[in-house]
Amino acid sequence: MSPRDLFGAALRGLGANKMRSLLTMLGVAIGVGAVIVLVAVGNGSGKAVQDRLEAMGTNLLTVSTSGGGGGFQRGQAGPAAQQYSLTLDDAAALADNRLAPDVAAVAPVMTSNGTATSGDVSYTINQVIGTTPEYLPATNTPVSTGASFTKQDVDGSRRVILLGQTAATELFGRANAAVGQTIKLGAVDFTVLGVLASKDSTGFNDPNATAIVPISTLRATQAGYGPLNQIVVQAADKDKVDTAQAEVTQLLTARHQVPATTTSPYRITNSAQILQTSQDTAATFTALLATVAAISLIVGGIGVTNIMLVTVTERTREIGIRKALGARRRAILGQFLIEATLLSLLGGTVGVIAALVVSRFQLAGVQPVLVPSSIALAFGVSAAVGLFFGSMPAHRAAGLRPIDALRHE
Amino acid sequence: MAADALIDIRNVTKTYGAGETAVHALRGVSLRVEAGEYVAVMGSSGSGKSTLMNILGCLDTPTRGEYWLDGTNVARLTEDQQALVRGRKIGFVFQSFNLIPRTSALANVELPLTYAHLRRTERRQRARRALELVGLADREDHRPNQLSGGQQQRVAIARALATGPRILLADEPTGNLDAHSTDEVLGMFDELNAEGRTVVVITHETEVAQHARRLVLFSDGRIVSDEKVTR
Numbered sequence: 000m001s002p003r004d005l006f007g008a009a010l011r012g013l014g015a016n017k018m019r020s021l022l023t024m025l026g027v028a029i030g031v032g033a034v035i036v037l038v039a040v041g042n043g044s045g046k047a048v049q050d051r052l053e054a055m056g057t058n059l060l061t062v063s064t065s066g067g068g069g070g071f072q073r074g075q076a077g078p079a080a081q082q083y084s085l086t087l088d089d090a091a092a093l094a095d096n097r098l099a100p101d102v103a104a105v106a107p108v109m110t111s112n113g114t115a116t117s118g119d120v121s122y123t124i125n126q127v128i129g130t131t132p133e134y135l136p137a138t139n140t141p142v143s144t145g146a147s148f149t150k151q152d153v154d155g156s157r158r159v160i161l162l163g164q165t166a167a168t169e170l171f172g173r174a175n176a177a178v179g180q181t182i183k184l185g186a187v188d189f190t191v192l193g194v195l196a197s198k199d200s201t202g203f204n205d206p207n208a209t210a211i212v213p214i215s216t217l218r219a220t221q222a223g224y225g226p227l228n229q230i231v232v233q234a235a236d237k238d239k240v241d242t243a244q245a246e247v248t249q250l251l252t253a254r255h256q257v258p259a260t261t262t263s264p265y266r267i268t269n270s271a272q273i274l275q276t277s278q279d280t281a282a283t284f285t286a287l288l289a290t291v292a293a294i295s296l297i298v299g300g301i302g303v304t305n306i307m308l309v310t311v312t313e314r315t316r317e318i319g320i321r322k323a324l325g326a327r328r329r330a331i332l333g334q335f336l337i338e339a340t341l342l343s344l345l346g347g348t349v350g351v352i353a354a355l356v357v358s359r360f361q362l363a364g365v366q367p368v369l370v371p372s373s374i375a376l377a378f379g380v381s382a383a384v385g386l387f388f389g390s391m392p393a394h395r396a397a398g399l400r401p402i403d404a405l406r407h408e
Numbered sequence: 000m001a002a003d004a005l006i007d008i009r010n011v012t013k014t015y016g017a018g019e020t021a022v023h024a025l026r027g028v029s030l031r032v033e034a035g036e037y038v039a040v041m042g043s044s045g046s047g048k049s050t051l052m053n054i055l056g057c058l059d060t061p062t063r064g065e066y067w068l069d070g071t072n073v074a075r076l077t078e079d080q081q082a083l084v085r086g087r088k089i090g091f092v093f094q095s096f097n098l099i100p101r102t103s104a105l106a107n108v109e110l111p112l113t114y115a116h117l118r119r120t121e122r123r124q125r126a127r128r129a130l131e132l133v134g135l136a137d138r139e140d141h142r143p144n145q146l147s148g149g150q151q152q153r154v155a156i157a158r159a160l161a162t163g164p165r166i167l168l169a170d171e172p173t174g175n176l177d178a179h180s181t182d183e184v185l186g187m188f189d190e191l192n193a194e195g196r197t198v199v200v201i202t203h204e205t206e207v208a209q210h211a212r213r214l215v216l217f218s219d220g221r222i223v224s225d226e227k228v229t230r
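Chains as they are written, first to last, in numbering that gives the first Met the number 0: chain G, 0 to 408; chain L, 0 to 230.
Source of the hints: derived by calculation from the structure; they are not laboratory data.
A couple of the hints might just be wrong.
[As the list claims (entries may be wrong)] Not close to chain G: a few residues of chain L, all C-beta gaps over 12 Å, as computed: (1) Leu146; (2) Glu190; (3) Gly195; (4) Thr205; (5) Lys227.
[Unchecked claim] The following residues of chain L were derived to be distant from chain G, with all beta-carbon distances above 12 Å: (6) Arg31; (7) Asp59; (8) Asn72; (9) Arg75; (10) Glu78; (11) Asp79; (12) Gly86; (13) Gly90; (14) Thr102; (15) Asp170; (16) Gly174; (17) Ala178; (18) Ala193; (19) Glu194.
[To be verified] Using C-beta positions, here's what the derived DEER-type ranges look like: (20) G/Arg406 <-> L/Ala21: 54 to 62 Å; (21) G/Ala282 <-> L/Thr120: 35 to 43 Å; (22) L/Ser29 <-> G/Val298: 25 to 33 Å; (23) G/Leu386 <-> L/Arg119: 20 to 28 Å; (24) L/Asp79 <-> G/His407: 18 to 26 Å; (25) G/Val298 <-> L/Ser147: 43 to 51 Å; (26) G/His407 <-> L/Glu131: 30 to 38 Å; (27) L/Arg101 <-> G/Arg406: 16 to 24 Å; (28) G/Leu386 <-> L/Ala34: 30 to 38 Å; (29) L/Glu226 <-> G/Pro2: 26 to 34 Å; (30) G/His407 <-> L/Ser44: 16 to 24 Å.
Quick reminder that beta carbons are idealized off the backbone N, C-alpha and C, glycines included.
Throw the hints in and build the complete structure from the sequences for me.
This is the structure:
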């Protein structure tokens, strides 16, 4: 029997019970679709987390003094606390290539908040960051319109400001209209130099409700001359984040004469580590989803076995006739195997198409990202499911003795 | 023994089950059928004639004894080789027609040719010719449930003839047919035999047996008489 004849016989077999074949295919389709979609969701959520972290800046170390809330409260700062406070000199030392060769860029950070007004409009900016120009590339915060401030602006304590998207929109209606305007922050006039590019949220706060000013200006006008809140350090390379971290720790420990017996007063957050951790979490999540989906695929496969067993029983007499007419074992086996495989392949195709459609939409707040290999895998598995789960009924059919099959009622 | 006997079964027994409950369907049957004969096997139900038919058709294997079909000891063949013998040398006509449901008459007739690995176009041709022979050329697209009993049996005969087998084995071929269809089918058998085809008919109707040239009577698993029929 040629493959074409086998296919014809198998198709006729499937067509004989359309509803049953359809429901069995649906089982496989759901299994295959679930594998693809759920893996895509897992992958998508992993990617979303990764994107957010990358938006925060890669190769990034954030240094702060440890203790409640990332730094000593100004009022409570005792002598020991002051001894360990981060200073502009620390930042300058970290930027020194000889002292910390694996550090590419350093930006001291002080934060404050204040109400900005433009004409009649006022808007409270939760986070006014005082820093140096290095902060922008290091934290992956590009300027979308206008320009960044420069080292001269920092040196001259010039009253210039970069507004986040939300702040600019609130104050000027359109973000682009802000550039060149003057706003009041507290009692001081600032010229808007540029507007920052929009950022995805990394937590509960709107990352676009910010403003960035030269650190010297912030100290002079708003925050005073207390310790730095943070020093942002960018490692020279992705692979040098760990060595950079070691250098930073060593340098700060030496500069502030931290006794070897005490635990380090500096807390260094490593963006690469966070990224790694969240990627691991996402991988676990994906694996979990894939497992659930795989189970549904197996259930679909069992559906194929079940329906093929029914089919073989129903068509025992037909098998007997075929054998009486000279069908060999292989011909019967082939017919039922192809029937089972067609069932699951057609189901698989429907599942793939459905998954492609479904994964275009956001699911549970996650934009699924298709993994091509998962499509190939799910499709291949669905074919294998047909062969595997169909082989038992097919063997049963092929093994029937012609006389027993013919006598079957 | 003459080597040219088409069917030669020697002291064949067939036992179902074992011990006290064993059923002896055949208790040592020997039968020789030469090519071109028209044999009717008669007997009451339970006499073992259907078992004989199954063994003759390679659908079942004897418990003991030899079965030489066209010079081969069929009982020794593997399952697949027996399938080959069924496909090449034997054409079956069953009481209940045994056409494949939801499949056109033409496709039904083509089926044994498919298993004989014939090319598609040749299959078509031969199946059409066989349907013409039984006078159903105009019904080739009809499915079994769209045909009358007599028509179904004629399709079955066409199917049995399609491969050009040496033997036509018919098991109660007229059991489910009305008088008119019975005459048609028996007439067809007569014609086929006249053309030189060996026909073996199992029946319990004397009317059917009258068409044969040799009558074998069965009782309790044994042949009780074997004689020529004079018309």
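Going down the list of hints, with the structure as the test:
| no. | hint | verdict |
| --- | --- | --- |
| 1 | Leu146 | holds, 16 Å |
| 2 | Glu190 | holds, 22 Å |
| 3 | Gly195 | holds, 22 Å |
| 4 | Thr205 | holds, 26 Å |
| 5 | Lys227 | holds, 30 Å |
| 6 | Arg31 | holds, 23 Å |
| 7 | Asp59 | violated, 4 Å |
| 8 | Asn72 | holds, 19 Å |
| 9 | Arg75 | holds, 17 Å |
| 10 | Glu78 | violated, 6 Å |
| 11 | Asp79 | violated, 5 Å |
| 12 | Gly86 | violated, 2 Å |
| 13 | Gly90 | violated, 9 Å |
| 14 | Thr102 | violated, 7 Å |
| 15 | Asp170 | violated, 10 Å |
| 16 | Gly174 | holds, 15 Å |
| 17 | Ala178 | holds, 27 Å |
| 18 | Ala193 | holds, 25 Å |
| 19 | Glu194 | holds, 22 Å |
| 20 | G/Arg406 <-> L/Ala21: 54 to 62 Å | violated, 19 Å |
| 21 | G/Ala282 <-> L/Thr120: 35 to 43 Å | violated, 58 Å |
| 22 | L/Ser29 <-> G/Val298: 25 to 33 Å | violated, 58 Å |
| 23 | G/Leu386 <-> L/Arg119: 20 to 28 Å | holds, 27 Å |
| 24 | L/Asp79 <-> G/His407: 18 to 26 Å | holds, 21 Å |
| 25 | G/Val298 <-> L/Ser147: 43 to 51 Å | holds, 46 Å |
| 26 | G/His407 <-> L/Glu131: 30 to 38 Å | holds, 33 Å |
| 27 | L/Arg101 <-> G/Arg406: 16 to 24 Å | holds, 21 Å |
| 28 | G/Leu386 <-> L/Ala34: 30 to 38 Å | violated, 46 Å |
| 29 | L/Glu226 <-> G/Pro2: 26 to 34 Å | violated, 52 Å |
| 30 | G/His407 <-> L/Ser44: 16 to 24 Å | holds, 19 Å |
Comparing the model with each numbered hint stated earlier shows that hints 7, 10, 11, 12, 13, 14, 15, 20, 21, 22, 28 and 29 do not hold.
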